[in-house]
Amino acid sequence: MSTQLKRKEELEGEVMAGSVAERVITVAVAGNPNSGKSTLINAIAGTRLHVGNWAGVTVEKKEALFDFGGRKIRLVDLPGTYSLSPYSQEEIVARDYLVHQRPDLIVNVVDATNLERNLYLTVQIMELGIPVVMALNIYDEAQAKGYRIDDKGIEQMLGIAVVPTSATKRSGLDELLETVLRVADAPNQRVPKKLNYGEDIEVAAEYLAKSFRTSHPALLERYPQRWLLLKLMEQDSRVMDELNLQNLDFLDPALHHLRRAHGEDIESIMADARYSLASGLTREVLHKPELRQTELTEKIDKIVLNRFLGIPIFMAAMWLLFKFTFDLSAPFGAWLGAMTEGPFKRWASALLTPLGAPDWTVSLVNDGVIAGVGSVIVFVPVIFAMMFFITFLEGSGYMARAAFVMDRTMHAIGLHGKSFIPMLLGFGCNVPGIYATRTLENPKDKVLTALLVPLMSCGARLPVYVVFVSAFFPNNSSTVIWSLYVMGILLAVLMGLIFKKTLFRGEAPMFIMELPPYRMPSMHSLCVHTWEKGKHFLYKAGTYIFAVSVLVWFLLNLPWGVEHKRDSYLGQAGAVVAPVFQPIGFGTWEAASSLISGVIAKEIVVGTMGEIYAPKKDEKKEVPTLQEDLKEIGVSFGAACSKAVKTLLYLPVPEEKEEDRSSLKLALQGVFTPLSSYAFMVFVLLYMPCVVAIAAMRQEFGTWKWAVVGLGYQTALAWCAALIVYQGGRLLGLGG
Amino acid sequence: MIPLGLLSAGENGEIVEIMFGKGEAGCAGNAEHEKSMIRVEEMGLRIGKHVEMLTNGGSTILLRVDEARIALARRMAMKIMVRR
Chain L
1 MSTQLKRKEE LEGEVMAGSV AERVITVAVA GNPNSGKSTL INAIAGTRLH
51 VGNWAGVTVE KKEALFDFGG RKIRLVDLPG TYSLSPYSQE EIVARDYLVH
101 QRPDLIVNVV DATNLERNLY LTVQIMELGI PVVMALNIYD EAQAKGYRID
151 DKGIEQMLGI AVVPTSATKR SGLDELLETV LRVADAPNQR VPKKLNYGED
201 IEVAAEYLAK SFRTSHPALL ERYPQRWLLL KLMEQDSRVM DELNLQNLDF
251 LDPALHHLRR AHGEDIESIM ADARYSLASG LTREVLHKPE LRQTELTEKI
301 DKIVLNRFLG IPIFMAAMWL LFKFTFDLSA PFGAWLGAMT EGPFKRWASA
351 LLTPLGAPDW TVSLVNDGVI AGVGSVIVFV PVIFAMMFFI TFLEGSGYMA
401 RAAFVMDRTM HAIGLHGKSF IPMLLGFGCN VPGIYATRTL ENPKDKVLTA
451 LLVPLMSCGA RLPVYVVFVS AFFPNNSSTV IWSLYVMGIL LAVLMGLIFK
501 KTLFRGEAPM FIMELPPYRM PSMHSLCVHT WEKGKHFLYK AGTYIFAVSV
551 LVWFLLNLPW GVEHKRDSYL GQAGAVVAPV FQPIGFGTWE AASSLISGVI
601 AKEIVVGTMG EIYAPKKDEK KEVPTLQEDL KEIGVSFGAA CSKAVKTLLY
651 LPVPEEKEED RSSLKLALQG VFTPLSSYAF MVFVLLYMPC VVAIAAMRQE
701 FGTWKWAVVG LGYQTALAWC AALIVYQGGR LLGLGG
Chain H
1 MIPLGLLSAG ENGEIVEIMF GKGEAGCAGN AEHEKSMIRV EEMGLRIGKH
51 VEMLTNGGST ILLRVDEARI ALARRMAMKI MVRR
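Chains as they are written, first to last, in full-length UniProt numbering: chain L, 1 to 736; chain H, 1 to 84.
A hint or two may mislead.
[Said to hold, decoys possible] Rough simulated footprint, nothing fancy, chain H against chain L, three-plus residues with beta-carbon under 8 Å:
#, stretch
1, 78-89
2, 167-180
3, 584-592
[To be verified] Which bits of chain H does chain L cover? Going by a derived footprint, with three or more residues having C-beta under 8 Å, they are:
#, stretch
4, 37-48
5, 52-59
6, 71-84
Keep in mind the hints are simulated off the structure, nothing from the lab.
C-beta atoms are modelled at their ideal positions from N, C-alpha and C, and glycine is treated no differently.
Construct the complete structure from the given sequences, taking the supplied hints into account.
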């Protein structure tokens, strides 16, 4: 760490040598959850925000580099925390950054309607000795409540600059940045005051400082002195371990008096000292009106959190979320799909053929790249629509209520209420479900929820069921499909219990969370957050998918000049794997190959089967011209828009002609029995999540570990479940 | 003095004791409990604070502390003593 630090100093030296305007001012933004911190950052940085993860943890990291007043400012958003104690991942990330990276300045976002609790964090931040600018945020709401806050009083008492802001109304932001520049240019005049923590603590700190100065002078140089001393007194495990300070012989004498006067638990003595500073300051600077009005938020909560109405209201909200998401996005997904299928492929061949590209290149581009990436592109509308509505629920404050309402139900499978939302989204598509786990705070809950999400039967599995059900269970098709959905849910409950007893042992931290006031999120912040959530999908999943599509194309078309799919590498692989599927009812290379290709996206199972069982006839179709293509794209986009609106409003939509799959049906009836087809559907329901879902897991958790665990347990589960269905069915005489 | 978890909706109380985690016999060594307790205090539920019960029913209760609404597991609320 010392080398790292040295490098940083060197770097700073170089930067200092440059002109003042060249220097990048690094500003860390710290604040409580729900203090409007991310709204403030979005309002300042907008699309310049770069979202990533903090190294090694699943905590989101946002950064932005931009010019203001001819100067370069780098904003680093720290996770929202209530304090800088070492008890949660967020707090550790925030304080490690502040201590080790030492930003030039800290902007402390404070909720003006909730001063005392927010100042508790401020007091801790000031211990670091880094210049602080306080953004007194949500100032407009505080004023509307009749609060009078003496911001000049805060400035004087704490020795830090205070700027009233209202991020949602975008007011005070320029003043905030101007103050940041002013403080950054004269950091020495703007050192936060050393607050008095009470005589007993200060005497002990003084004693400790004297001994420590002789024993570890280098450490006091390297770390904020005040902070280090206070942490030593608290015997903060993280600091002690990191700096190897477990055996300080002068620590006990230093703390002797403090312990005798106030009790053994120094950590809570310090917490009390900090809190009483925060509450004393609040008494000085805040004037509340005598009578407190019952707020709208409380009135809404009375209904929304009502013991009897809570769950029905939640269900209705989720139903609306689903309806809006899928009704609005499905036609656009289909439109994108049709576009990649038709015009794009035609254009690619039209471009490539005249260039003398061999047939295999054209096929690679068309059947590999465009078809593969196209299968991802069709997810874009649904993902963005879903993220938009989730962002709305989050921004409005309802998401926290949903967790409150569902908490008891979800406890049954060892999860918190908040886990319900990703699971529910999983029915639409597992991928946004997995991404939605980032709304959970506890890393254990995040992983466990993401592992269970793929058991929810997503929309992509439906085409597979439809084909098989129409071939084998035409008379009770909906019951059969429903049974598969229910099986997914029951297995999720079962697996949840098993995981809780094995991989995720230990008591979960008890439920405690803040319910923010209801607010109408602004369109701007909705769009920024939707984009933030959705773009991961575009960038990352897109690249994985691209690679896998190319790979599968090669597997299907190699060795060179392969005539029959059976002889391609995929077909051969299918033949090798097929015996594994023998005991569960479908040990043919055709079934195995299509299951292998279905890993890209489960609906591909049907596509591959179609290709294998019913070889395409050479159709000579009229090839449309470029103008016709463009016109068709425009027309079909218009049709998609009107269809979206119509389905949303329950207007009748003309049924589209179902693709004729009768030849596939006949072929399937020759190979499968009703029992083995049901086993096959069970297997498709449960076997490994599609690559997009795996990529999403890899990305959310920063390691392959959980993606691999998910893949492994699901495939094992799928095989076992299909075995029980098939062999059990045979024993019961349901035919084999 | 009654446990916070027994206040009914609309009732107010002042927190007088938090019997949780720290040093308490039987709870000693339970790191998760201690963490939860620290979180409770950080969120503003401290001795001397006035709280109002907003919703009480089910396994989670909802309180108002200053201008914040804090949802809390009942198990924790039973270990916080208040004076009405």
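Hint-by-hint comparison with the structure:
{"no.": "1", "hint": "78-89", "verdict": "holds (count 5)"}
{"no.": "2", "hint": "167-180", "verdict": "violated (count 0)"}
{"no.": "3", "hint": "584-592", "verdict": "violated (count 0)"}
{"no.": "4", "hint": "37-48", "verdict": "holds (count 8)"}
{"no.": "5", "hint": "52-59", "verdict": "holds (count 5)"}
{"no.": "6", "hint": "71-84", "verdict": "holds (count 5)"}
In summary, the structure is inconsistent with hints 2 and 3 from the numbered list given earlier, while agreeing with the others.
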